Structures are given as C-alpha cells and as structure tokens.
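Dock chain B against chain A, hints included.
Listed here are the chains, written in short residue letters.
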Amino acid sequence: MIAIIDYDAGNLTSVARALSHIGFQCVVTNNIKEIERAERIVFPGVGAAGSAMDSLKRLSLDFAIKKAFADGKPVLGICLGTQIIMGHSQENDTSCLGIINGEVRAFPSEMKAEDGSSLKIPHMGWNRISIRNNHPVLSGVRETDEFYFVHGFYPAPADAAHVIAETDYGISFASVVGFKNIIATQFHLEKSGKPGLALLKNFCEWEPF
Amino acid sequence: MSVSYESGLLYEIPVAVKILFRERTMLSKRIIPCLDVREGKTTKGIKFKDNVDIGDPVEMARFYYEAGADEIVFYDITASHEKRDIMIDVVRRVAKTIFIPFSVGGGIRNADDMRAVLLAGAEKISVNSAAVKDPGIISEGARSFGSQCVVLGMDVKQVGKSEKIPSGYEIVINGGRTYMGIDALEWAMKGQDLGAGEICLNSIDADGTQDGYELNLTALISQSVDIPVIASGGAGTPEHLFHVLAEGKADAALIASMVHYGDYTITEIKSYLDSQGVKVRKTW
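As they're listed, the protein sequences go chains A and B.
Numbering-wise (this note's numbering), the first sequence opens with residue 1 and increments by one.
Numbering-wise (this note's numbering), the second sequence opens with residue 1 and increments by one.
Pulled out of the complex, with its shape left as it was, chain A reads as follows (with noise of 0.2 Å):
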C-alpha cells in the first residue's frame, strides 16, 4: 500500500487517480499509524511553505514523513512537497524537514527570455528535464519529454550530487532531488501525461536499497 500524505495542501486526489490509473493501490491520509504500515509514501502538496509546515506539525507529519525516510521506505515528494523535504525555504522565511540540505529559492523576478522578452513567474507549463545523476526512477525519460510545472521557488540542493535533473528557465535549477531512499519531482508527475506516469511507475517499482 502506498500512503499519500494528507495535510490540507491542495489537490491530492489527482496523485491518488494517478497511481489507481497505473494499477497501485493508495491511500490518501493523515493517520500516523496508516503512514507506519504503508511500504512507499508519496508526499505532494500545492500552496505555501510556510502554512504547509505549520499544517503538518499540527497533525505530527513532519515527524511521520521523517521516520519514514530513517526507515527506509521509498518517498517521493511532488512540487510543493519536493520544497518541503529541503532544510529551509525563502517563501515564508520557512524552517523545513531538512531530509535533503539546501534551500529552496524565488526565481529572480527579473529574468529574460533569449529574445528579451520578461520570464513570467511563476514558472508555469511544459518544460523539459536534462538528468545529471541517473537515477532508476528516470529511467526511460527520452530527451524530448516535458513535464509540467506550477511553481514560483525552487530547491537548491546544498550537495551536487543530490541533483537528479535541471531544467532551463532563466535559470537552471533542480527540477528531480533525491538522495538514498527519497526521490522528488518538482513537476506534478501526475498531470504530466505518459512521460508522467511512467515516472511514478518507476517510483512504485524502485527498490533503493
């Protein structure tokens, strides 16, 4: 059984059709003793650090994401959730899980396309991922898949070789983090069509260790 993590952070039902879609069972909650008994846990989240942080140590789930991770269990982590998992986050000026040292960052807000014209943010669309530490998760990733993004921050591993892939907007920045047992996309796999799934496919079928 796989746990999605439950803590009042947007839409999680479209991670939970997701991974019914590609035959795994899940379920979405916030039972402490639920997240124990899971085998994989998937942490996803839309909205702010800062409110997200105070909702799950509200509800003891940033202890029960920890102690997942020290146990051994496979997490992925999804756009917010992926900023979550980092040591600390400028939005907010937020203290986070510190599973993978760094930071997250805003985007500068003045940043040019190649053809002069302003970036907007937040970083919305398709875009594409160049991988920089292979990683079972990815595999498979053709050049030319996109993945589809949401997101005004970023996370900035502290360690390069927590930087699974970079994407390309005004900046290059790690758009997959992982280290030992936790992966993190900050693209939603799930709304990212075939390449999307296959990925979240991969993350039920990881065996890290």
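Derived by calculation from the structure, the hints in this document are not laboratory data.
Being a predicted model, the structure only gives us computed values, none of them experimental.
A few of these clues could be false.
Unchecked claim - List time: in silico DSBU-like cross-link candidates among lysine-lysine, alpha-carbon distance up to 35 Å:
| id | chain 1 | residue 1 | chain 2 | residue 2 |
| --- | --- | --- | --- | --- |
| 1 | A | Lys112 | B | Lys161 |
| 2 | B | Lys133 | B | Lys41 |
| 3 | A | Lys194 | B | Lys161 |
| 4 | A | Lys194 | B | Lys282 |
| 5 | B | Lys41 | B | Lys282 |
| 6 | B | Lys133 | B | Lys161 |
Structure of chain B alone, referenced to chain A:
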C-alpha cells in the same frame, strides 16, 4: 580554443546552437483544444474522415490527450442550473481518464462552484461574466485555492477608442450581446491584481470565423500583464497559431473546429509550429 564571454563574441553563434539554446530555455507554447459541453454532451463532436461522431466529452478528452493536447478546456453551456451536477460528473470521469491539466468554465458563480469543480479533479476553473459582475470572485478563488487555479476568461469586442475605452477593446458578456463599458486592457490588469493566474482572451469578433486570431488584441494584453495569456477565437490553420504565438506573444492557443472537424491533427499543428521555430511539446 576557448572563448570567454567577457571578451565579446568572436564569431556569429551558429543557428543550430541558437535553436538548441531556445529549446533548452523556453517553456513550450501550449496547444489547447476547447470542448463546449451542454448537459453532459459536447455540442460539436469530433468528426473523423469516416464520419463517426463522438459526442461524449470524456471520450473526446481521451482522444485529445492521446493526440498530444497540452491541456484541455471545457465550457459548460448548460442553461439550467439544476442540471449542472451533470458537469461535475463529467469532470470526475475526465479526471480519471486524462493525466494532463484541464480547466472548466461556464456557469461558475461563486467559491462553492469553484470548489465543486476542483474537488472533482479539474486543475483550474475559469470565470468570465461572473467576474465582470463581481470581481471579488477572482480574489476569493485565488485566496481559497491559489492563483494557479483561477483563469480569468475575457470576451472582448473591438470598438472605437474613446475616453471610456482607451484601448478600443471592450468587455462583453452574453456571447457578445451585452457591452459592459469596461476597457479590456484595464480589466486584464485588474484581473491580474485581484489574483487571476492566467487569462483566456477570447475575441468575439474573430470567434467562429476561422480567419485567424485577433493579433493586435492578443499582443496588447500579453505584453501588458505578467500572467500567461491563452489566445482564443479565430483559429483555422496552423499558420494562425504561429502568428498568435509569435506576433501575438500568446503563451497558449485555444483551438476548436479546426481539430474537431478533422481538418488538422494536433501533431500536424505542432510539426508546423516546430518548423517555424516555436517551441512545442513533441513527445507524449
């Protein structure tokens, strides 16, 4: 030989390198089929060459998902409010079928309507005439669900420039029958300030003509706001999409009849755009 950026360019950057750079650093322009739905049925089915007509919005969504649509827009044109639950059921079934973002507009009057559609699985909701009548619905939606969920739909007609309508483009509702005395450019800026995450800009003048998008209007709005603009109304050929994405500076283009009636496939449209140097999503 190494070339340092500080020393200035020693030679012209080859075109291939420029294209590579563009491909790496740009978001793809989105191609978005639009489906009008009345009481759970699409009003224009997909007509294939063998004349099979699919009228089920869920099946049409699946078809376009498989065909490479980057997003799908549904407009619920059900007249009777009592029958609006039918649309919620459609949204729920679409969400189980396609795994790309989709938005729902039409008949959304308040935050409860928005919540129902989002909980059913839509990524975004689009407000149009309800926002003209009560702009507070935009900020309420943005506060409750996040700006990324709120699309401001604008129906616009060209009028003479005047003190009241300095841009020469006026907001209309009721399919263009009612002029609201609001300048389209001012309304777009206001919508952004209120928290809209995106604008779907529909030219009533171009809508249904298949003669091309309203380029001046699209460029005017796109270059004035910081949020993405989806151009709507007038698409008939891939060239029309190229013009609105390149000259019109739109971030996305809405298409309807040109694909519903089988004149073009999304692959054909994207291949053309790609050949013209517009970055599009090529594999799915």
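Results for each hint:
1. A:Lys112 to B:Lys161: At roughly 32 Å apart (the allowed maximum being 35 Å), Lys161 (chain B) and Lys112 (chain A) satisfy the hint.
2. B:Lys133 to B:Lys41: The given pair, whose Cα atoms are some 28 Å apart, holds under the 35 Å limit.
3. A:Lys194 to B:Lys161: Distance of about 48 Å is beyond 35 Å: violated.
4. A:Lys194 to B:Lys282: holds (13 Å)
5. B:Lys41 to B:Lys282: Since the Cα atoms of Lys41 (chain B) and Lys282 (chain B) sit roughly 30 Å apart, the hinted pair holds (cutoff 35 Å).
6. B:Lys133 to B:Lys161: Given pair Lys133 (chain B), Lys161 (chain B) holds - Cα atoms ~23 Å apart, limit 35 Å.
Of the numbered hints stated above, the single one contradicted by the structure is hint 3.
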